[in-house]
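Listed here are the chains, written in short residue letters.
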Amino acid sequence: MTVKWLMHFQPNQGTTLTSQVMAEACAVAESFPGVSRDGRWRSSMTFYRAVPRDQSLPAPSDLPRDLIGISLHDLPNEYLFVMRSQRLILRAHSSVQTVMDKLQSYKGRFFINFEGLQYKWGDFKLRIGKCLYNPNEALRGIVMEVEYLPLSSIDKSQRVMEEFYEIWREAVASKLLAGQFINTEVNFVEYGLGDSYTPQHTAVLYGMCVVQVIASSNKNQ
Amino acid sequence: MECVVQGIIETLHVEALEILLVGLCGAPKQRVRVHELCLKSGPNLVSSEVRLLCDLAKTTPSWTIRHVGGAMRGAGADQLSVLVRPIAESKASSTALRFFYGIGYKLDHEVLKTGFAFQFQNRGANLTVSVTSTNRMPRLHATDDAVPITPGIHLVEITAPAAPENYTEVASAIASFCEYLSPLLHLSKPGISTGIVPTAAEAAASLMSSGGGIKIL
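Line order of the protein sequences matches chains Z and F. Count the first sequence with UniProt numbering and you get residues 1 to 221, in order. Count the second sequence with UniProt numbering and you get residues 1 to 217, in order.
Be a bit skeptical, because a hint or two may be false.
Said to hold, decoys possible - When the alpha-carbon atoms are kept at most 25 Å apart in a straight line, the in silico DSS-like pairs for lysine-lysine are as follows:
no.	chain 1	residue 1	chain 2	residue 2
1	F	K40	F	K91
2	F	K58	F	K91
3	F	K29	F	K58
4	Z	K156	Z	K125
5	F	K91	Z	K107
6	Z	K130	Z	K120
7	F	K91	Z	K102
8	Z	K102	F	K189
9	Z	K107	F	K106
10	F	K29	F	K91
11	F	K113	F	K91
12	Z	K175	Z	K130
13	F	K106	F	K40
14	F	K106	Z	K102
15	Z	K107	F	K40
16	Z	K102	F	K40
17	F	K40	F	K29
18	F	K113	F	K40
19	F	K113	F	K29
Please keep in mind that the hints were generated in silico from the structure rather than gathered at the bench.
Could you put the whole structure together from the sequences, leaning on the hints where they help?
In structure tokens, the structure reads:
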């Protein structure tokens, strides 16, 4: 699997995130020479809650409160779980959701969809998307996934990704968007992940990014 | 959903059973070495049970998460000679055990199943016949030091995936295959023991001396 970076849009202080930002970000991507639109993309995330044996009581504190499940757009037959507090990732076939339903020990508490437009630009694929609460589709953030197709090594791709990030930041600033895109920084080693990029890396990126998106959204409301 | 029957056979007759199965199945024998961990939810969580299966027969161990539901009940189910039950399974990464510990599950017991299996089709159903010894481990996860729980006895299990619209046909396919094994062992619903078959020794001797000679299905 080739390397990805994941960024989220941080609105300027005092401004509110609107769908217009999504349109403006897409316009930035479409201004790049040689870029072509490459369809749509959609990933989804479920925040799980433990179901206590005695449901008249709140969930015990020794059970994780940060269990999330992720279905990635480019791996429809797989499902990943991330527990940030324990630096733990489980990668499984998508049928694991059926197993969790049968166990009934954890239920989906709320759901977020990431969906938007995909672009091809030379060796890069750009996916710009809205971060939407499900089912009311309230906008909580804008994210951009950047994939560098030639490389699977995180170390080897670092420089080219940084160069892209600078190009993107400058383009965004020049179009006067009311904020900036912030890259999601993760210490993959803490999760037991190596230099060779995997879906587990993507799951961790989304797990970290969504925390920042929600925090940013709550701050600006 | 799956259909399942089980039976036992004396270990000294396993070789004869293998000869019979080679002839009947027309499929290659597969080595079985599965570390099965049964986990139960902790006291704070809704009560549930899940099994993790680590296949140690391959070079790289692979993990499966498995949930076994309660047996189908009712007049239709009672009339079947096989047990029908819902099954949910998923292949998973090697972090599966840590994951379930992390979400509040505890290890209830673990066993190591060793033996062999055949996978083949009979009457359109995909059957798996496994012949295994169930072993306990003297220390946590010590699969290399496992010893048989019932020395001298092997478990024979036939399973086949099924769906609500075809489980009676699958059950029939299993039942018909069981007929071929009847000189050596009787298979029935799990939990209903039929013991050792009286003709087993004679049938085994016959198989060992003839080297098989059974018409392939």
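Each hint, compared with the structure:
Simply put, K40 of chain F and K91 of chain F have alpha-carbon atoms about 19 Å apart, close enough for the 25 Å limit, and the pair holds. For the given pair, K58 of chain F sits about 15 Å from K91 of chain F by alpha-carbon distance, which is consistent with the 25 Å threshold. As the CA atoms of K29 of chain F and K58 of chain F are separated by approximately 14 Å, the hinted pair is consistent with the 25 Å bound. Annotation: proposed proximity of K156 of chain Z to K125 of chain Z holds, straight-line Cα distance about 18 Å (limit 25 Å).
Distance check on the hinted pair: K91 of chain F and K107 of chain Z sit about 21 Å apart at the alpha-carbon level, within 25 Å; holds. With a C-alpha separation of about 18 Å, the suggested pairing of K130 of chain Z with K120 of chain Z holds against the 25 Å cut-off. Simply put, K91 of chain F and K102 of chain Z have alpha-carbon atoms about 16 Å apart, close enough for the 25 Å limit, and the pair holds. Among the hinted pairs, K102 of chain Z with K189 of chain F is consistent with the structure: their alpha-carbon atoms are about 23 Å apart, no more than 25 Å.
The hinted pair formed by K107 of chain Z and K106 of chain F meets the criterion: a straight-line CA distance of about 19 Å does not exceed 25 Å. With a CA separation close to 22 Å, the supplied pair K29 of chain F and K91 of chain F stays within the 25 Å bound. A hinted pair counts as satisfied when its Cα atoms are at most 25 Å apart, and K113 of chain F with K91 of chain F qualifies at roughly 19 Å. For the given pair, K175 of chain Z sits about 19 Å from K130 of chain Z by alpha-carbon distance, which is consistent with the 25 Å threshold.
About 5 Å separates the Cα atoms of K106 of chain F and K40 of chain F, which keeps this hinted pair within 25 Å; it holds. Of the supplied pair hints, the one linking K106 of chain F and K102 of chain Z holds, its CA atoms being roughly 18 Å apart against a limit of 25 Å. Of the supplied pair hints, the one linking K107 of chain Z and K40 of chain F holds, its CA atoms being roughly 17 Å apart against a limit of 25 Å. For the hint linking K102 of chain Z to K40 of chain F, the alpha-carbon distance of about 13 Å falls within 25 Å, and the restraint holds.
For the given pair, K40 of chain F sits about 33 Å from K29 of chain F by alpha-carbon distance, which is inconsistent with the 25 Å threshold. Under the criterion of a C-alpha separation no larger than 25 Å, the hint pairing K113 of chain F with K40 of chain F is consistent with the structure, at around 20 Å. Distance check on the hinted pair: K113 of chain F and K29 of chain F sit about 16 Å apart at the alpha-carbon level, within 25 Å; holds.
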